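Trainee: The residues making up each chain are set out below.
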Amino acid sequence: MIRSHCILRTERRGIHVDQSDLLCKKGCGYYGNAAWQGLCSKCWREEYQRVRQKQIQDDWALAEKLQREEEAAYASSHGVQTQSTTPPQPGHTSLGPFSKFEEKKTNEKTRKVTTVKKFFSPSSRTASKKETQEGKTSPSISRHASFDTDQVSKDFVEFLKNLQKPGREIHKQCRAFLVNMSSKKDLGADELSECVQDFYQNLADRQMTHFKGSSESVEQVMDQVEKYIMTRLYKSVFCPETTDDERKDLATQNRIRALHWVTIQMLCVSMDEEIPEVSENVVKAITDIIEMDSKRVPRDKLACITRCSKHIFSAIRITKNEPASADDFLPALIYIVLKANPPRLQSNIQYITRFCNPSRLMTGEDGYYFTNLCCAAAFIEKLDAQSLNLSPEEFERYMSGQASPRCSSAEGEWPHTGQGAGVAATNPVLAQLNHNLEQLSSISSRQEKVMEAAQSLQADLLSWTESVQREVNDILEKYPLTCTVSAIDANNIDNDNLPPPLTPQVFAG
Amino acid sequence: MGESLPRVHGGAQQHSDTLRRPVHTLRVKMVLLGSSGVGKSSLALRFSKDEFRSTSPTVGCAYLTQVVHLSNATLRFEIWDTAGQEKYHSVTPLYYRGAHVALLVYDITQRETFVRAQVWLKELEKQYIPGSTVIWLVGNKGDLAHDRQVPLEEGESLASNKGLYFIETSALSGEQVNELLQSVAHRVFECIGAQQGGLTEWQETPTVDLRHKDSFNLFASCCKVGP
Ligand SMILES: Nc1nc2c(ncn2[C@@H]2O[C@H](COP(=O)(O)OP(=O)(O)O)[C@@H](O)[C@H]2O)c(=O)[nH]1
Ligand SMILES: [Mg+2]
Ligand SMILES: [Zn+2]
Chain A
1 MIRSHCILRT
11 ERRGIHVDQS
21 DLLCKKGCGY
31 YGNAAWQGLC
41 SKCWREEYQR
51 VRQKQIQDDW
61 ALAEKLQREE
71 EAAYASSHGV
81 QTQSTTPPQP
91 GHTSLGPFSK
101 FEEKKTNEKT
111 RKVTTVKKFF
121 SPSSRTASKK
131 ETQEGKTSPS
141 ISRHASFDTD
151 QVSKDFVEFL
161 KNLQKPGREI
171 HKQCRAFLVN
181 MSSKKDLGAD
191 ELSECVQDFY
201 QNLADRQMTH
211 FKGSSESVEQ
221 VMDQVEKYIM
231 TRLYKSVFCP
241 ETTDDERKDL
251 ATQNRIRALH
261 WVTIQMLCVS
271 MDEEIPEVSE
281 NVVKAITDII
291 EMDSKRVPRD
301 KLACITRCSK
311 HIFSAIRITK
321 NEPASADDFL
331 PALIYIVLKA
341 NPPRLQSNIQ
351 YITRFCNPSR
361 LMTGEDGYYF
371 TNLCCAAAFI
381 EKLDAQSLNL
391 SPEEFERYMS
401 GQASPRCSSA
411 EGEWPHTGQG
421 AGVAATNPVL
431 AQLNHNLEQL
441 SSISSRQEKV
451 MEAAQSLQAD
461 LLSWTESVQR
471 EVNDILEKYP
481 LTCTVSAIDA
491 NNIDNDNLPP
501 PLTPQVFAG
Chain B
1 MGESLPRVHG
11 GAQQHSDTLR
21 RPVHTLRVKM
31 VLLGSSGVGK
41 SSLALRFSKD
51 EFRSTSPTVG
61 CAYLTQVVHL
71 SNATLRFEIW
81 DTAGQEKYHS
91 VTPLYYRGAH
101 VALLVYDITQ
111 RETFVRAQVW
121 LKELEKQYIP
131 GSTVIWLVGN
141 KGDLAHDRQV
151 PLEEGESLAS
161 NKGLYFIETS
171 ALSGEQVNEL
181 LQSVAHRVFE
191 CIGAQQGGLT
201 EWQETPTVDL
211 RHKDSFNLFA
221 SCCKVGP
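Just so you know, the protein sequences line up as chains A and B, in that order. Numbering-wise, full-length UniProt numbering puts 13 at position 13 of the first sequence, and it's gapless, one number per residue. Numbering-wise, full-length UniProt numbering puts 156 at position 156 of the second sequence, and it's gapless, one number per residue.
Since the hints were derived computationally from the structure, they do not count as laboratory data. Fair warning: this is a prediction, and the values are worked out from it, not measured in the lab. C-beta atoms are modelled at their ideal positions from N, C-alpha and C, and glycine is treated no differently. It is possible that part of the hints are untrue.
Stated by the list, open to error - Okay, the calculated bits of chain A under chain B, using three or more residues with CB under 8 Å as the criterion:
#1 244–252
#2 380–389
#3 447–459
Unchecked claim - In silico DSS-like pairs for lysine-lysine, Cα to Cα no more than 30 Å straight-line:
#4 B:K126 - A:K382
#5 A:K172 - A:K184
#6 B:K122 - A:K382
#7 A:K154 - A:K65
#8 B:K126 - A:K248
#9 A:K184 - A:K65
#10 B:K87 - A:K284
#11 A:K154 - A:K227
#12 B:K87 - A:K320
#13 A:K310 - B:K49
#14 B:K87 - A:K248
#15 B:K87 - A:K382
#16 A:K185 - A:K295
#17 A:K248 - A:K42
#18 B:K49 - A:K320
#19 A:K310 - B:K87
Turn these sequences into a full structure, and let the hints guide you.
Mentor: Here is the structure:
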């Protein structure tokens, strides 16, 4: 039992970050984000607008490169196909592949020309100037940010390659969509969501014809599209300036902090954290829900919620020895959210709602857990005395910090004296104060004792010096100092045999 | 009594019990609403029990699934149990967003649960899009006829006044539970399945053109893409 608490505590130490670490490094009072170098979204935008500009250009360069690769791969696979399907024509056996080779060469040439042209066009020149500027201010940011997106882009192209021609079409459409979106940064969140959802819908519809109605293949492609699109859009559409998501995050964060006193019993949660296995699951659930914020793709965020939920189910199952029902699950999830205080909870919920495939949210297992998380967040917002089976007065006292329910059980931990005990039973906060005062007074009395001891030590030292001085004087009086010249010094006869002293010599350079 | 109800198999894999049939599998979201203790969870477990291993690899029974075969379609019911405690009422609307079926459950031996069901109905009606949700009024604990507080007729008349479907069940004995699920399946396919975009296909089952539905393809599962 004790062990389980230790696990919990150490784990939580790992999870909980100091408040100041979470705030924007510019000190504007909003929450910062590690992905934004500790800045809030607003400051990030102000500071690194240009970095993002550059990143878009980088992305483009990469997309172009990938497109080229992809086309080359397509051309070669196409070449193989023609070879295998059409029988070699007599007289043209060597000409076929050779002309292909020529074609490729000219393609490459024209491409080179366009790249060179681009390099000297005014827009690219300003871009490269910016590049060096940004490189100085924060090279790590752009490098770090583009790494993930690069990988996602590569994976996406890899995936699309298997689809051959439709894959190329999809890539083209996604790129066009991203360009289109970059010009729509100032749109409201709902409009952004609509754009993305419309794009999903259109693309899915078009694929329905490609894949002849196999919704399974379409779903697979759409999952990849979502991953690709949302990884790129994440920074501009997560918690956008146009919304009050950030304010809501702060409000929720503070609300949960103010509710720190809510106990597992008040929520009627059927999880017994005294059982090591249960508390392990609780810790994992907390970790999972906190991890949600670090994911970019809506589906990855959903997966965190689902993992969190499964751990809760395990915890309840172990406690009750029967499968958890909805009546057990929702309160437990609320408790986990209160304990975890997940970063940017509202922003994450909004982001998932806006940019995830809606059928995934309203149906399916992931959808069920997500809905429960929304319920938990809504419940916490409205939570009142009644929902915790408390009287309004009690609730007020706990909320204002005048009293804390938890301490009635921890009473025994404090070694308070007679006068404090009575108060402690009714007001544990006062008891804690009393206890602290007692400790302070005992410290000051100990300090006085230390001072006394130090002073007597100082006196002892002084008298000791005096006594030593006196002894020395006595001895000096008894045995006065007389100087006698030693025999060796007197007969210094060998002096003449010593070599002459060294004289400085000048060396010619 | 909850003890006597069948338990969910914990480790069942989602793929293994997917019925690989070359027919459309449509997903149906069914939400259970009602006061605490009326038997929602018991009903949910009953629904997912017969001839069926739980598809959900979770250890919980808050979200369960059950497949119902109709002559021209297969419906995969996703059964959403809800927390019935009064304090969660304000958040319940989140559960029935996008639901195809809502079961309004009350306990025939507790009149206040019947009253509560009517409150829920009002809430539902606020969000109700005609033709998008099939609502059922379910009087549960039919086995406790001697303690009955809500006459059968009262349930029937409420249902007919409000244009709901009605049934009395017993999650304990299992009476009328299967019948309920079967008629829900038929209704939901008739009312919603026919509409454009009414029901979406469930993507984990390979789907084949309806015209070939009679030729049972043993190797359909081999054609499945992905893991
Ligand atoms: N006699 C009888 N008891 C039932 C029936 N259905 C459920 N119960 C019991 O009613 C209690 C509450 O059931 P539960 O499914 O947890 O209700 P929920 O709160 O709506 O999910 C449990 O003790 C069940 O055993 C039924 O049809 N008949
Ligand atoms: Mg229940
Ligand atoms: Zn800031």
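Trainee: Does each hint hold? Answer for all of them.
Mentor: Okay, the hints, checked on the actual structure:
1. Proximity of the stretch 244–252 of chain A to chain B, defined as three or more residues with a beta carbon under 8 Å from a beta carbon of that chain, is not established by the 0 residues found.
2. Coverage of the stretch 380–389 of chain A by chain B holds. Counting CB-CB distances below 8 Å, 3 residues qualify, and the rule asks for three or more.
3. For the stretch 447–459 of chain A, the stated coverage by chain B is not satisfied: 0 residues place a CB nearer than 8 Å to a CB of that chain, which falls below the threshold of 3.
4. Distance check on the hinted pair: K126 of chain B and K382 of chain A sit about 21 Å apart at the alpha-carbon level, within 30 Å; holds.
5. Restraint check: the Cα-Cα separation between K172 of chain A and K184 of chain A comes to about 19 Å, which is no more than 30 Å; the hinted pair holds.
6. Taking the CA atoms of K122 of chain B and K382 of chain A, the gap is about 21 Å. The hint holds against a cut of 30 Å.
7. Between the alpha carbons of K154 of chain A and K65 of chain A the distance comes to roughly 10 Å, so the proposed pair stays at or under 30 Å and holds.
8. Of the pairs offered as hints, the one joining K126 of chain B and K248 of chain A holds, with about 26 Å between alpha carbons and a cut-off of 30 Å not exceeded.
9. For the proposed pair K184 of chain A and K65 of chain A, the alpha carbon gap of about 25 Å is at most 30 Å, so the pair holds.
10. In summary, the hint linking K87 of chain B to K284 of chain A is supported, as the alpha carbons are separated by about 27 Å, within the 30 Å threshold.
11. Annotation: proposed proximity of K154 of chain A to K227 of chain A holds, straight-line Cα distance about 12 Å (limit 30 Å).
12. Between K87 of chain B and K320 of chain A the CA atoms are separated by roughly 22 Å; this keeps the pair inside 30 Å, and the hint holds.
13. Restraint check for K310 of chain A and K49 of chain B: the C-alpha separation of about 21 Å stays at or below 30 Å, so the hint holds.
14. Between K87 of chain B and K248 of chain A, the direct Cα distance comes to roughly 23 Å. Compliance with the 30 Å bound is thereby established for this hinted pair.
15. Only pairs whose Cα atoms come within 30 Å are accepted, and K87 of chain B paired with K382 of chain A is accepted, the gap being roughly 10 Å.
16. Using a Cα cut-off of 30 Å, the hinted pair K185 of chain A and K295 of chain A holds, with the two alpha carbons roughly 21 Å apart.
17. With a CA separation close to 15 Å, the supplied pair K248 of chain A and K42 of chain A stays within the 30 Å bound.
18. Our distance criterion of 30 Å between C-alpha atoms is met by K49 of chain B and K320 of chain A, whose separation comes to about 21 Å.
19. At most 30 Å may separate the alpha-carbon atoms for a hinted pair to count; K310 of chain A and K87 of chain B meet this at roughly 24 Å.
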